[in-house]
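A.B. asks: Using the sequences and the hints, build the whole thing.
Line order of the protein sequences matches chains Y and X. When we follow the numbering used here, the leftmost residue of the first sequence carries the number 93, and every step to the right adds one. When we follow the numbering used here, the leftmost residue of the second sequence carries the number 93, and every step to the right adds one.
Quick caveat, the hints were computed from the structure, so don't treat them as lab data. Note that the coordinates shown come from a computational prediction; the quantities given were computed from them, not determined experimentally. Hints may contain errors.
If several chains are the same, the list does not tell them apart, and a pair holds so long as it fits within one copy or across any two.
30 Å max Cα-Cα, derived BS3-like pairs, lysine-lysine [said to hold, decoys possible]:
| hint | residue 1 | residue 2 |
| --- | --- | --- |
| 1 | K225 | K301 |
| 2 | K238 | K363 |
| 3 | K301 | K128 |
| 4 | K363 | K95 |
| 5 | K238 | K301 |
| 6 | K95 | K114 |
| 7 | K114 | K301 |
| 8 | K363 | K332 |
| 9 | K332 | K95 |
| 10 | K114 | K238 |
| 11 | K205 | K363 |
| 12 | K363 | K225 |
| 13 | K114 | K363 |
| 14 | K332 | K301 |
| 15 | K301 | K205 |
| 16 | K225 | K205 |
| 17 | K128 | K225 |
| 18 | K128 | K332 |
| 19 | K238 | K95 |
There are 2 protein chains.
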Amino acid sequence: MAKIAFLGLGVMGAPMARHLAKAGHEVRVYNRTTSKAERWVAENGGAWAPTPGQAAQGCDFVFCCVGADNDLREVTIGPDGAFHAMAEGSLFVDHTTVSAQVSRELEAEARAKGIGFLDAPVSGGQAGAENGKLTIMVGGDAEQFKQAEPVMQAYAQRIGLMGPSGSGQLTKMVNQICIAGIVQGLSEALNFAMTAGLDPRAVVEVISKGAAQSWQMENRSSTMVDGQFDFGFAVDWMRKDLGLVLDEARRIGAPLPVTALVDQFYADVQKMGGGRQDTSSLIRRFRG
Amino acid sequence: MAKIAFLGLGVMGAPMARHLAKAGHEVRVYNRTTSKAERWVAENGGAWAPTPGQAAQGCDFVFCCVGADNDLREVTIGPDGAFHAMAEGSLFVDHTTVSAQVSRELEAEARAKGIGFLDAPVSGGQAGAENGKLTIMVGGDAEQFKQAEPVMQAYAQRIGLMGPSGSGQLTKMVNQICIAGIVQGLSEALNFAMTAGLDPRAVVEVISKGAAQSWQMENRSSTMVDGQFDFGFAVDWMRKDLGLVLDEARRIGAPLPVTALVDQFYADVQKMGGGRQDTSSLIRRFRG
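C.D. replies: Below, the structure written as structure tokens:
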């Protein structure tokens, strides 16, 4: 069993840290809002620390799941950041979805200090974190991956090493590009079905085993028809991810005409007050 | 066992008619190019007729799978069409993908003559027709549906009565709208992955069980990566279907921003000489 620090106890981080504690690791947590860290310790044991550096002190692994690029920089290279406290040979695993460039920049900073660094964004949402069934897309060194993999098994269903530093982030971007096209197609299709006077559930039933099938159709079409969006992966987070995707695509020269358009459609949903709703709320542009 | 006429022995119609003959029905076929009808009879028994009317004479059911609106009008209400020859109480089942309005128009013409008419477009492609595993989306009268359903089981995996006349066509349109968004998203995603230097197969492997999953990802991503498109449902047919979709959407007032864009992208693929290639060749716009 390892000594582990976990930075960031949001809807994803809190259950992930819980799975590590349940697996028998010694877990010390840090959260910007201290009360959340205290509550986590009251429920799961372990200890909490007031800064990322103090949490990381003496640990074999530091896991992290925070908001975005700037939060990640703060908990790693900020004045109280983990990188200043971590021992040589210890390993930082970042589960935050950030730009591939920030991942590579922090990997280089870590390497200069003799620390390992893996970018390891996840998919599977809050439910996946709670059930321990996340998909983890990892970028970085193969030896470091071998060290972290058995620990991450505590909350993963699938873990893949995708290539050098940044490749985890790039893989997550591919995932979000697929979702953008699928959810928009499904929104247009369900709105068309309802406007045409069809029973959209009967339509999904008959087409859901063929070439139009998708996870989104199986898991979201019924709630889209009902106009229920108070769950799942929020539009605000999707827009953050699509912003990273479009920046990277511009950098490498990959055209994303529909992804760019869907990003704008999600901006419409935000304007309608849907920023905290599930990504399937894209259909609201058609149906209010 | 029933007396059946089958009109149109293309890549879909020929195997569908074969399944009816194998099921023990007495099948008489018609095809515009007579040599195909002669060959079909040589291989499958039964008989062929030189006109749709002569094929339909004395039959309980007339099934049909031709090219588009005008072909369908010709074999039904044209001078040698089936409607002039069909007995009262017999049933015409149209498997062609046409506009919902043509379906409704022909249903009304049939009804005036005491003939039943179902619109019953299919999905599942040539493979589905050959394996007898098509999905059939039916519009029309429930009693007529009950008569036709057991006969269509010969080549179907799924059969749904979707509503009144035209509803089968509308359901097929919903199917094609979903596919347009999915295939474009997948094309952008795979091109992004390859441009970013990722191994696209490894990426698909890791993301293919989550929210980005689709039938298209499972069945087409590998061939898209290899640039193989000489199979499956052709771009020319997809453009025909999307033309019907966009006309109907304009009529009923359902916005289809991404479907309309993807239709234009398929026009690009046609210009590149890809009209006969599988719909997954949409990725060629990015990769040539």
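A.B. asks: All the hints need checking, so say for each whether the structure fits it.
C.D. replies: Here is what the structure says about each hint:
1. Both within a single protomer and between protomers do K225 and K301 lie at most 30 Å apart by alpha-carbon distance, with minima of 24 Å and 11 Å respectively.
2. In this assembly of identical chains, the alpha carbons of K238 and K363 never lie at most 30 Å apart, being 44 Å within a copy and 49 Å across copies at closest.
3. Taking identical chains as interchangeable, the C-alpha atoms of K301 and K128 are never at most 30 Å apart, the minima being 44 Å within one chain and 32 Å between chains.
4. Proximity of K363 and K95 under a CA criterion of 30 Å is satisfied in neither setting, with 45 Å inside one chain copy and 61 Å between copies.
5. In the homo-oligomer, the alpha carbons of K238 and K301 lie at most 30 Å apart only across protomers (23 Å), although the nearest pairing inside one protomer, at 38 Å, exceeds that limit.
6. Taking CA atoms no more than 30 Å apart as the test, K95 paired with K114 passes inside one copy only; the shortest distance there is 13 Å, against 69 Å between copies.
7. Proximity of K114 and K301 under a CA criterion of 30 Å is satisfied inter-copy only: 26 Å between copies versus 39 Å inside one chain copy.
8. For the identical chains of this complex, K363 and K332 are intra-copy neighbours only, at 15 Å inside a copy versus 36 Å across copies, given an alpha-carbon limit of 30 Å.
9. Within a single copy, K332 and K95 get their C-alpha atoms no closer than 32 Å, and across copies no closer than 62 Å, so neither meets the 30 Å cut-off.
10. Only within a single protomer do K114 and K238 lie at most 30 Å apart by alpha-carbon distance; the minimum there is 21 Å, versus 57 Å between protomers.
11. In the homo-oligomer, the alpha carbons of K205 and K363 never lie at most 30 Å apart, since the shortest distance is 45 Å inside one protomer and 55 Å across protomers.
12. In this assembly of identical chains, the alpha carbons of K363 and K225 never lie at most 30 Å apart, being 33 Å within a copy and 45 Å across copies at closest.
13. Taking the shortest Cα distances, K114 and K363 never come within 30 Å of each other, neither inside one copy (41 Å) nor across copies (59 Å).
14. Proximity of K332 to K301 under the C-alpha cut-off of 30 Å is restricted to the inter-copy arrangement: shortest distance 23 Å between copies versus 32 Å within a copy.
15. Taking the shortest alpha-carbon separations for K301 and K205, neither the intra-copy value of 52 Å nor the inter-copy value of 37 Å comes in at or below 30 Å.
16. When the C-alpha separation of K225 and K205 is checked against a cutoff of 30 Å, the pair qualifies neither within a copy, at 33 Å, nor between copies, at 60 Å.
17. In this assembly of identical chains, K128 and K225 lie within 30 Å of each other by CA distance solely inside one copy; the values are 23 Å within and 54 Å between copies.
18. Within a single copy, K128 and K332 get their C-alpha atoms as close as 24 Å, which meets the 30 Å cut-off; across copies the closest is 57 Å, which misses it.
19. When the C-alpha separation of K238 and K95 is checked against a cutoff of 30 Å, the pair qualifies only within one copy, where the shortest distance is 17 Å, while the shortest distance between copies is 67 Å.
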